[in-house]
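Engineer: Residue numbers (the working numbering), protein chains in the order written: chain A, 1 to 238; chain B, 239 to 476; chain C, 477 to 714; chain D, 715 to 952.
Any given hint might turn out to be false.
[Said to hold, decoys possible] What follows is a list of derived Cβ distance ranges for each label pair: (1) Val224/A / Asp835/D: 47 to 55 Å; (2) Leu712/C / Gly935/D: 24 to 32 Å; (3) Leu703/C / Pro262/B: 35 to 43 Å; (4) Glu623/C / Gly935/D: 46 to 54 Å; (5) Asp792/D / Gln444/B: 54 to 62 Å; (6) Arg362/B / Cys705/C: 39 to 47 Å; (7) Pro315/B / Leu236/A: 50 to 58 Å; (8) Glu512/C / Pro791/D: 53 to 61 Å; (9) Ser463/B / Asp524/C: 49 to 57 Å; (10) Ser463/B / Asp762/D: 50 to 58 Å; (11) Leu47/A / Ala732/D: 51 to 59 Å; (12) Leu285/B / Val492/C: 43 to 51 Å; (13) His74/A / Gly935/D: 29 to 37 Å.
[Said to hold, decoys possible] Pulled from the structure, derived: some chain D residues nowhere near chain A, Cβ distances all over 12 Å: (14) Asp751; (15) Thr912; (16) Leu922.
The set of hints was computed from the structure by calculation and includes no laboratory data.
A virtual CB, placed ideally from N, CA and C, is assigned to each residue, including glycine.
Number of protein chains: 4
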Amino acid sequence: MINVTVFNEFKHEKEVDAVKAIYPDGIHNALKRGLEDEAVSVKTVTLDDENCGITDELLENTDVFIWWGHMAHHLVPDEIAEKVKNAVLKGMGIIFLHSSHHSKPFKLLMGTSCNLTWREDGDRELVWVCNPSHPIAQGIGRFIHLEHEETYGEPFGIPEPDELVFIGNFEGGEVFRAGCCWRKEYGKVFYFQPGHETFPIFHNRQILKVIKNAIHWAKPGYRVSELECPHVKKPLED
Amino acid sequence: MINVTVFNEFKHEKEVDAVKAIYPDGIHNALKRGLEDEAVSVKTVTLDDENCGITDELLENTDVFIWWGHMAHHLVPDEIAEKVKNAVLKGMGIIFLHSSHHSKPFKLLMGTSCNLTWREDGDRELVWVCNPSHPIAQGIGRFIHLEHEETYGEPFGIPEPDELVFIGNFEGGEVFRAGCCWRKEYGKVFYFQPGHETFPIFHNRQILKVIKNAIHWAKPGYRVSELECPHVKKPLED
Amino acid sequence: MINVTVFNEFKHEKEVDAVKAIYPDGIHNALKRGLEDEAVSVKTVTLDDENCGITDELLENTDVFIWWGHMAHHLVPDEIAEKVKNAVLKGMGIIFLHSSHHSKPFKLLMGTSCNLTWREDGDRELVWVCNPSHPIAQGIGRFIHLEHEETYGEPFGIPEPDELVFIGNFEGGEVFRAGCCWRKEYGKVFYFQPGHETFPIFHNRQILKVIKNAIHWAKPGYRVSELECPHVKKPLED
Amino acid sequence: MINVTVFNEFKHEKEVDAVKAIYPDGIHNALKRGLEDEAVSVKTVTLDDENCGITDELLENTDVFIWWGHMAHHLVPDEIAEKVKNAVLKGMGIIFLHSSHHSKPFKLLMGTSCNLTWREDGDRELVWVCNPSHPIAQGIGRFIHLEHEETYGEPFGIPEPDELVFIGNFEGGEVFRAGCCWRKEYGKVFYFQPGHETFPIFHNRQILKVIKNAIHWAKPGYRVSELECPHVKKPLED
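Input sequences plus hints: build the corresponding full structure.
Structural biologist: What follows is the structure, given as structure tokens:
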């Protein structure tokens with residue numbers, strides 16, 4: 001069983017009727033329903049939980065973390081973001097969705113601004129597979145067709161991805177590196193661009209399939225309990 | 239002075255009136271006119287020249303090679319393609335344009351099929367800068383607008399680029415990694431997608447600016463006369 | 477069951493007594509014995525077999541190919557090397573051992589000279605894990621101690637590896653990128669430096685563990701029957 | 715003229731006689747003397763200066779920053795480290811020397827622990843060029859011989875380097891990725907391992923040559939005054 005924890009900011013869904021209509025009990029619960037199966041178990045936490053619901057114990061028991069945030073990144077305490085980053089470095093997988101490009105843990109892991117250009121015209125997006133051999137792209141076909149999505153455009157202020165899996169084409173003319181993989185020490189990181197709160201993206205079966213593939217891909221093969229900087233003897237004196 | 243050699247297949251321009259109208263004396267001469275300045279000197283060779291006009295002496299005296307081919311890749315002799323590859327490995331820079339993704343030297347350097355998907359509907363393309371700090375992107379702005387271009391689509395069967403500089407958005411919905419950089423031993427390789435023969439792409443100032451930037455980027459800092467696999471003594475016995 | 481095919485040149489073992497003493501029935505059979513288990517089945521082929529024993533059918537039924545060659549790379553027919561390369565591009569995994577850095581299929585896949593510097597003083601080598609989270613490094617500890625190995629030294633004329641897993645330290649002072657991973661279209665490639673024929677490297681349990689890990693890592697998730705360059709319609713007309 | 719700023723912690727040189735003997739007026743001044751020439755101008759700042767001597771104005775007027783720190787990383791204020799990181803993202807080049815692998819700005823830029831293993835036995839180190847075509851390796855030959863250096867060993871907890879230029883071989887058996895390059899948004903980062911305070915490493919001409927090469931390599935081609943996340947109109951409405 002893969003233990004997944006979804007963090008959702010859970011503000012838009014309570015404050016904006018149009019969003020509530022799409023995700024009545026929040027994006028986190030839509031993800032939970034869409035992702036759980038015999039191999040994947042999902043817990044959810046939200047910004048309003050004490051310390052975002054994120055404890056050392058939760059992180060140690062999470063194989064893959066999923067993060068969705070948008071308007072309230074600054075309300076996530078710095079030490080919680082640092083905890084999440086460190087859990088990744090020690091082996092926990094993590095998936096950042098959509099506007100989480102500006103979340104604190106993503107920015108800490110990337111070391112860059114993670115800026116992009118954006119438009120809110122509800123463009124049609126085609127999310128193309130550019131690496132069809134990648135485990136995250138299995139079962140997707142050539143592209144995912146999203147009738148409406150917020151537009152994200154290049155340049156995207158990230159380090160060169162270790163592997164680029166998806167590129168988005170927006171009707172108005174933009175492109176965006178929509179699915180990017182990095183290894184950060186013992187942990188795997190996947191950024192996936194679709195998921196604006198005003199569109200039913202997380203009800204889309206292909207989008208859920210990508211996230212589920214990413215869960216299997218990001219699942220740690222090996223974790224360490226501490227990151228150490230050991231003072232050693234000569235190797236052959238060990 | 240940077241010594242550039244342009245190889246052009248030079249068949250479409252002689253056989254197809256619509257192409258001849260755009261490039262009356264061939265793509266190679268359009269490139270020569272567009273690229274020469276006080277720092278860049280351009281020689282041209284074509285498929286009809288003996289051995290494609292490509293000799294050891296030419297390669298040794300070329301800093302950056304530019305390749306355009308399309309319908310007659312198979313007419314380039316294998317040993318000429320091998321010579322070009324080896325010159326790159328020893329330090330010569332090379333720029334592959336458009337349909338040269340299927341040229342013999344590009345495929346030899348990549349080690350992959352270099353396949354892609356394609357359409358000939360004359361779509362509008364926007365060629366986006368995704369790495370605005372890269373020397374090849376200087377002076378280009380956010381994107382290049384091409385009114386009509388042949389559509390190239392992902393997946394593009396190449397090794398993961400060392401640096402991705404441009405991504406194309408096509409009106410019909412495709413995306414394509416339009417500007418890709420690799421180092422291959424001592425030589426630098428740039429692939430640039432625009433340049434279908436039926437559109438006046440190589441008269442576009444921004445396109446020429448990209449190619450000129452790429453010439454400066456690909457210019458060898460250091461070349462070797464032979465690639466060797468030396469039998470050595472212990473380092474401190476040298 | 478993972479179907480593995482080992483190609484061994486099988487010349488030294490027949491011609492040199494010291495090598496025969498270590499590998500009486502050839503390196504291929506030592507590998508077969510060391511690698512087979514309930515999850516891995518191994519076939520062997522050698523240079524003396526017709527067309528190296530390598531047929532289309534064999535390649536289609538091989539999940540992961542292992543290659544060992546040294547003094548007779550030139551006797552492998554070009555079309556066989558090309559076949560192996562194409563099988564990799566379509567998804568077959570491949571592991572190149574030691575002096576196979578100069579084998580035809582490796583050079584075709586890399587697109588570079590694959591040169592290195594070398595010494596035959598039987599130095600002690602320590603093969604260090606530099607990416608302890610990588611699946612190929614699991615169960616290895618900090619390093620592998622080889623009492624004697626042929627020395628390979630940098631520079632190694634390869635494209636920048638997608639992932640570097642091992643680096644070798646030789647007693648006389650050299651270093652070498654000893655374990656390198658690349659994706660080449662649908663297939664995964666692993667190069668592993670240890671394995672000179674005059675030392676019992678392939679009887680070493682840790683070395684066999686690395687190769688077995690690499691088999692599991694390189695096993696195709698997805699294969700294609702043909703590499704195509706399809707002429708398409710607009711995506712949403714599909 | 716390239717404007718370089720050297721930050722030196724400047725503690726060991728004042729507190730430890732053996733270090734003072736090597737660097738009587740501090741590592742920063744040794745670097746200044748070793749690096750200045752008609753193309754390079756060097757300013758120095760130290761930990762004891764107010765806010766480490768690091769102001770917005772200084773950063774805006776610095777092309778390439780050099781950082782040396784060891785025992786007092788924690789005394790660099792977080793907001794100063796953040797300022798340095800942001801200057802890099804906007805285009806300033808930066809070179810981290812030796813124990814600066816644990817400096818705050820390096821860790822912020824990498825997003826990882828930057829841990830390593832270490833020994834203080836004064837081993838002989840050979841620093842090998844593994845990418846002889848790289849601008850930072852020009853004029854160095856096959857390796858740099860250091861009679862004594864602190865031993866740094868793998869695993870080194872960094873993201874996969876964009877380019878690996880040097881690998882160190884230590885007499886006791888370790889290896890270390892001694893010269894690593896990354897691009898971080900608009901800025902270039904070089905990490906270079908040699909430089910323990912108890913050995914006269916920064917009096918070594920080849921070491922100074924590497925650092926000078928790195929200054930030329932890291933010099934910004936293009937800088938931005940702000941990192942922005944712009945809200946845009948459709949591209950062709952611009």
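Engineer: Tell me the numbers of any earlier hints that the structure contravenes, in ascending order.
Structural biologist: Per hint list: 1, 2, 5, 6 and 9 violated.
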